[in-house]
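Number of protein chains: 2
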Amino acid sequence: MKPRDTDTPFPMTPADLLIENALVVTMDKDFRVIENGAVAVGGNRLLGVGTTRDLKEQFRPERCIDGRRKLVLPGLVNTHTHSPMTIYRGFADDIPLREWLYDHIFPIEAIFTDPENVRAGTRLAIAEMLLSGTTTFNDMYYYVDEMARVVAQSGMRAVLNETIIDSPAPNSPTPAEGLAIANGLIENWNGHPLVTIGIGAHAPYSVAADLVRQTKALADRHHLPFNIHVAETRWEFEKILRQHGATPVQYLHGLDVLSPNMVAAHCVHLTEEDIGLLGTHGVGIAHNPQCNMKLGNGIAPIPQLLKMGAKVGIGTDGAASNNDLDMFDEMRSAALSHKLSSGDPTVMDARSVVEAATMGGARVLGMDGQIGSLTVGKKADLIVLDMDKPHAFPFYNIYSLIVYSLRGSDVDSVMVDGRMLVEGRKLLTLDIERLYDKLGRIARQIKKEAGKLGIVNHH
Amino acid sequence: MKPRDTDTPFPMTPADLLIENALVVTMDKDFRVIENGAVAVGGNRLLGVGTTRDLKEQFRPERCIDGRRKLVLPGLVNTHTHSPMTIYRGFADDIPLREWLYDHIFPIEAIFTDPENVRAGTRLAIAEMLLSGTTTFNDMYYYVDEMARVVAQSGMRAVLNETIIDSPAPNSPTPAEGLAIANGLIENWNGHPLVTIGIGAHAPYSVAADLVRQTKALADRHHLPFNIHVAETRWEFEKILRQHGATPVQYLHGLDVLSPNMVAAHCVHLTEEDIGLLGTHGVGIAHNPQCNMKLGNGIAPIPQLLKMGAKVGIGTDGAASNNDLDMFDEMRSAALSHKLSSGDPTVMDARSVVEAATMGGARVLGMDGQIGSLTVGKKADLIVLDMDKPHAFPFYNIYSLIVYSLRGSDVDSVMVDGRMLVEGRKLLTLDIERLYDKLGRIARQIKKEAGKLGIVNHH
Chain A
6 MKPRDTDTPF PMTPADLLIE NALVVTMDKD FRVIENGAVA VGGNRLLGVG TTRDLKEQFR
66 PERCIDGRRK LVLPGLVNTH THSPMTIYRG FADDIPLREW LYDHIFPIEA IFTDPENVRA
126 GTRLAIAEML LSGTTTFNDM YYYVDEMARV VAQSGMRAVL NETIIDSPAP NSPTPAEGLA
186 IANGLIENWN GHPLVTIGIG AHAPYSVAAD LVRQTKALAD RHHLPFNIHV AETRWEFEKI
246 LRQHGATPVQ YLHGLDVLSP NMVAAHCVHL TEEDIGLLGT HGVGIAHNPQ CNMKLGNGIA
306 PIPQLLKMGA KVGIGTDGAA SNNDLDMFDE MRSAALSHKL SSGDPTVMDA RSVVEAATMG
366 GARVLGMDGQ IGSLTVGKKA DLIVLDMDKP HAFPFYNIYS LIVYSLRGSD VDSVMVDGRM
426 LVEGRKLLTL DIERLYDKLG RIARQIKKEA GKLGIVNHH
Chain B
6 MKPRDTDTPF PMTPADLLIE NALVVTMDKD FRVIENGAVA VGGNRLLGVG TTRDLKEQFR
66 PERCIDGRRK LVLPGLVNTH THSPMTIYRG FADDIPLREW LYDHIFPIEA IFTDPENVRA
126 GTRLAIAEML LSGTTTFNDM YYYVDEMARV VAQSGMRAVL NETIIDSPAP NSPTPAEGLA
186 IANGLIENWN GHPLVTIGIG AHAPYSVAAD LVRQTKALAD RHHLPFNIHV AETRWEFEKI
246 LRQHGATPVQ YLHGLDVLSP NMVAAHCVHL TEEDIGLLGT HGVGIAHNPQ CNMKLGNGIA
306 PIPQLLKMGA KVGIGTDGAA SNNDLDMFDE MRSAALSHKL SSGDPTVMDA RSVVEAATMG
366 GARVLGMDGQ IGSLTVGKKA DLIVLDMDKP HAFPFYNIYS LIVYSLRGSD VDSVMVDGRM
426 LVEGRKLLTL DIERLYDKLG RIARQIKKEA GKLGIVNHH
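Top to bottom, those sequences are chains A and B.
First residue of the first sequence: 6, per our numbering; consecutive thereafter.
First residue of the second sequence: 6, per our numbering; consecutive thereafter.
One should not assume that every hint holds.
Heads up, the list lumps identical chains together, so a pair's fine if it works in one copy or across two of them.
[To be verified] Dumping the calculated DSS-like pairs for lysine-lysine here, alpha-carbon to alpha-carbon at most 27 Å:
#1 LYS443 to LYS312
#2 LYS312 to LYS453
#3 LYS431 to LYS457
#4 LYS61 to LYS457
#5 LYS61 to LYS453
#6 LYS394 to LYS452
#7 LYS75 to LYS431
#8 LYS75 to LYS34
#9 LYS61 to LYS244
#10 LYS443 to LYS61
#11 LYS75 to LYS244
#12 LYS453 to LYS431
#13 LYS394 to LYS34
#14 LYS394 to LYS75
#15 LYS431 to LYS394
Derived from the structure by calculation, the hints contain no laboratory data.
Only a predicted model underlies this, so the values are computations on that prediction, with no experimental measurement involved.
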């Protein structure tokens with residue numbers, strides 16, 4: 006091999022980091038999978054994605070990471086969760102949704118939803134999500150300002166939606182005050198590199214028509230995501246049908262809110278017409294298979310929605326209904342649940358599932374120009390998985406391996422916006438030990454109050 | 006506190022090990038859960054199970070393990086797998102079972118099922134199972150003598166069943182030779198502390214009536230488990246109905262083989278009458294929810310079988326159809342799949358699922374007097390899980406935590422028959438690095454042959 010000509014007409018580009026010798030699954034439009042692949046990062050951007058040989062000729066990195074027997078993937082996008090609810094993980098299980106929500110979750114939330122608990126719960130959620138490979142999450146809750154500060158400190162990326170609801174919310178006695186809070190958030194967090202503010206209307210059954218429209222108008226005015234739970238339960242479907250003579254989707258269509266900036270969580274109970282409406286209006290679907298299964302709600306018609314061109318992402322929902330925030334686990338359930346409900350093992354093949362968890366989620370959040378694939382110029386949000394484990398060996402199809410064999414615990418390193426947040430399975434930006442102490446105290450208080458209310462999880 | 010009287014009338018019992026200060030979930034008949042619990046082990050037996058305070062007064066252990074923030078559970082029992090098939094992990098996915106079996110798995114198995122590959126695949130399977138908390142597995146395959154030696158070396162516990170089938174098997178051109186092999190195995194491994202030999206008839210559609218009866222007779226003569234795949238697919242159900250005018254279960258009942266030593270894998274397609282027959286004859290059911298979902302076969306009516314008093318265990322099936330051997334993952338799927346198929350979130354509650362994965366599995370294998378719960382006098386088969394993880398925090402119900410939040414990767418230590426096989430997530434009895442090299446070579450050969458046969462996993 007002759008030495009490199011130092012007077013080369015193509016001088017090497019400086020880079021902060023080169024991950025080399027890895028298996029790189031790009032999830033780009035050509036679904037490139039690069040053996041002996043490499044990724045170059047500079048600032049918060051991806052500078053290069055290609056073979057190790059090519060990138061080593063092109064870049065002069067400050068630091069190299071050896072990716073031998075490692076897999077590099079775009080960071081996963083969790084399109085629907087309520088992260089502060091980690092403090093209620095496993096609080097009420099194996100019961101129907103309405104009982105779960107009205108007899109257990111709402112009463113305990115009424116006591117414990119305050120800024121301190123929101124901060125602690127969000128921190129715990131971020132720790133769990135980062136350690137299992139999620140780099141962006143989309144959240145509907147209250148005290149969003151508290152959440153946003155935790156997100157910014159942690160270095161994770163998030164879309165955070167103050168939730169508007171008819172009934173008094175923990176931080177706003179009236180919906181008008183909720184909207185005022187949302188307005189303030191939009192102003193305060195405008196232009197933040199990690200935090201995007203959005204807005205949520207709780208659900209068609211819990212938010213009056215006018216308020217749904219106002220919430221949507223606020224989102225549109227600022228070009229923000231508009232979130233809403235839609236057709237999660239049979240009960241909701243029938244209630245809306247009874248009250249409005251229309252399915253939940255058709256009712257929302259009548260309110261003129263179906264649009265590409267809408268993120269519709271669940272969408273379990275849909276008619277053929279509903280599926281068509283969601284597809285043609287470019288609505289983003291947040292598919293939460295584990296939560297939908299666990300609460301006995303059924304499963305969203307995702308293969309049909311994909312066929313109609315709908316944007317589909319995957320979400321974990323909150324830890325009080327799932328009971329984890331692990332997107333690998335959720336991908337596996339997404340693949341398996343549709344094969345069960347349809348009896349067709351070819352639906353939701355592994356690659357489609359990985360796409361939903363990456364680019365699909367980015368599209369749902371309107372961020373597909375910035376994240377979701379390993380594409381030069383996009384934000385450097387990526388995860389590195391360790392394949393040196395018995396359950397990861399051997400493999401014949403990388404998408405099958407990701408969906409059916411790998412786990413969140415195989416995530417070794419996580420980068421968001423060009424910054425390493427996890428390395429060697431250790432969190433670099435969160436002090437988890439101090440958090441456990443605090444959460445232990447909160448959980449003991451919750452147990453005590455649950456005892457008084459007679460809503461302990463006994464079975 | 007006054008000093009202990011050294012002339013106490015109850016002298017302390019020597020023990021090899023005391024795990025102390027742990028949360029002990031016994032899965033015994035009273036479902037005892039012991040906070041600040043302890044387990045004392047002597048030889049290959051459990052000497053004590055109780056509070057740390059009580060056991061420290063009772064035992065004088067050689068070694069203590071601090072179980073603070075750790076969970077001690079009986080080792081999990083995987084009631085149905087084909088461990089050597091790990092070499093085909095992810096070889097053919099997202100296709101229907103008959104295509105999977107006849108066009109992909111059978112042709113590649115015909116080339117690669119030899120003693121060396123069986124040993125390598127079994128070793129990989131044992132590594133994966135131990136690291137994810139399984140201490141006993143029930144296996145149907147070929148070259149069982151090779152498997153048995155690997156099991157004995159590894160220190161794991163297993164029931165190993167030479168599989169009888171009409172067509173030529175990899176190690177026996179005729180069923181008669183298969184039965185002769187089984188006879189030899191029974192003789193050679195008689196009385197082994199870890200290996201129990203059983204016998205398997207492949208399935209009602211692949212084994213002639215007389216051969217099913219002969220296989221069962223051999224099992225009965227030696228008081229061994231008799232394994233068979235039953236009613237896994239709609240195709241099988243209809244074929245047997247057409248050929249014999251009976252459902253697979255009724256057909257087997259007609260052959261007089263339904264009995265308590267029968268382990269029936271799958272049992273997806275059952276009539277009410279079938280459910281009754283399996284229950285009243287005390288047949289053990291090996292429930293494999295992930296495999297059944299993944300191949301689009303549906304889901305076994307487990308809640309109904311439990312109601313009829315059937316013994317139910319959980320199995321992963323082989324890694325070529327699942328694609329992992331992780332019983333935690335399988336427990337979660339067992340809980341979620343039935344809630345999806347029934348729409349009832351109360352079925353297969355978390356405790357029932359943990360029971361199926363421990364005592365239920367032990368009953369299915371006829372080993373409930375020896376394993377399946379942390380009960381004094383039983384074999385010391387136990388696992389220790391690390392709860393110091395964000396996804397394990399907080400918890401309100403320990404069974405919910407185990408099923409819905411914990412993962413195989415939370416397993417820190419594994420003991421089988423009183424011997425530590427995993428500690429600090431490291432395998433103590435298997436050299437995994439050397440295994441990877443060998444498996445890499447096998448996988449490359451498999452890929453090459455799959456290419457020639459035109460059966461590469463492309464999608």
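Which holds for LYS443 with LYS61 at a C-alpha limit of 27 Å: within a copy, between copies, both or neither? neither (46 Å within a copy, 31 Å between copies)
Pop the pair LYS431 and LYS394 into one bin, within, between, both or neither, using alpha-carbon distances up to 27 Å. Both. Shortest intra-copy (18 Å) and inter-copy (11 Å) distances satisfy the 27 Å Cα cut-off.
How would you classify LYS61 and LYS244 at a CA-CA limit of 27 Å: within, between, both, or neither? Close neither inside one copy (61 Å) nor across copies (60 Å); limit 27 Å.
> When no copy is named, should LYS443 and LYS312 be tagged within, between, both, or neither for a Cα gap of at most 27 Å?
Replying inline: This pair counts as neither: shortest intra-copy Cα distance 47 Å, inter-copy 43 Å.
**OP:** Tell me, please, which holds for LYS61 and LYS453 at an alpha-carbon limit of 27 Å: within, between, both or neither?
**Re:** Intra 59 Å, inter 30 Å, cutoff 27 Å: neither.
Review point. Is the C-alpha distance from LYS394 to LYS34 at most 27 Å within one copy, between copies, in both cases, or in neither?
Key: Cα proximity of LYS394 and LYS34: none, with 30 Å in one copy and 36 Å across.
How do LYS394 and LYS75 come out at 27 Å by Cα distance, when the copy is not named: within, between, both, or neither?
both (11 Å within a copy, 23 Å between copies)
Under a CA distance limit of 27 Å, which applies to LYS431 and LYS457: within one copy, between copies, both, or neither? neither (38 Å within a copy, 44 Å between copies)
* To do: Since the copies are identical, ignore which copy is meant and state whether LYS453 and LYS431 lie within 27 Å (CA to CA) inside a copy, between copies, both or neither.
  => neither (33 Å within a copy, 39 Å between copies)
Using 27 Å as the alpha-carbon threshold, which applies to LYS75 and LYS244: within, between, both, or neither?
Classified as neither: same-chain Cα gap 50 Å, cross-chain 46 Å, threshold 27 Å.
- If the cutoff is 27 Å on CA atoms, where do LYS75 and LYS431 land: within, between, both or neither? Let me know, please. The answer is both: 17 Å in one copy and 19 Å across copies each meet 27 Å.
Within a copy, between copies, both or neither: which one fits LYS394 and LYS452 at a CA-CA cutoff of 27 Å? between (38 Å within a copy, 20 Å between copies)
The structure shown violates the earlier hints numbered 1, 2, 3, 4, 5, 9, 10, 11, 12 and 13.
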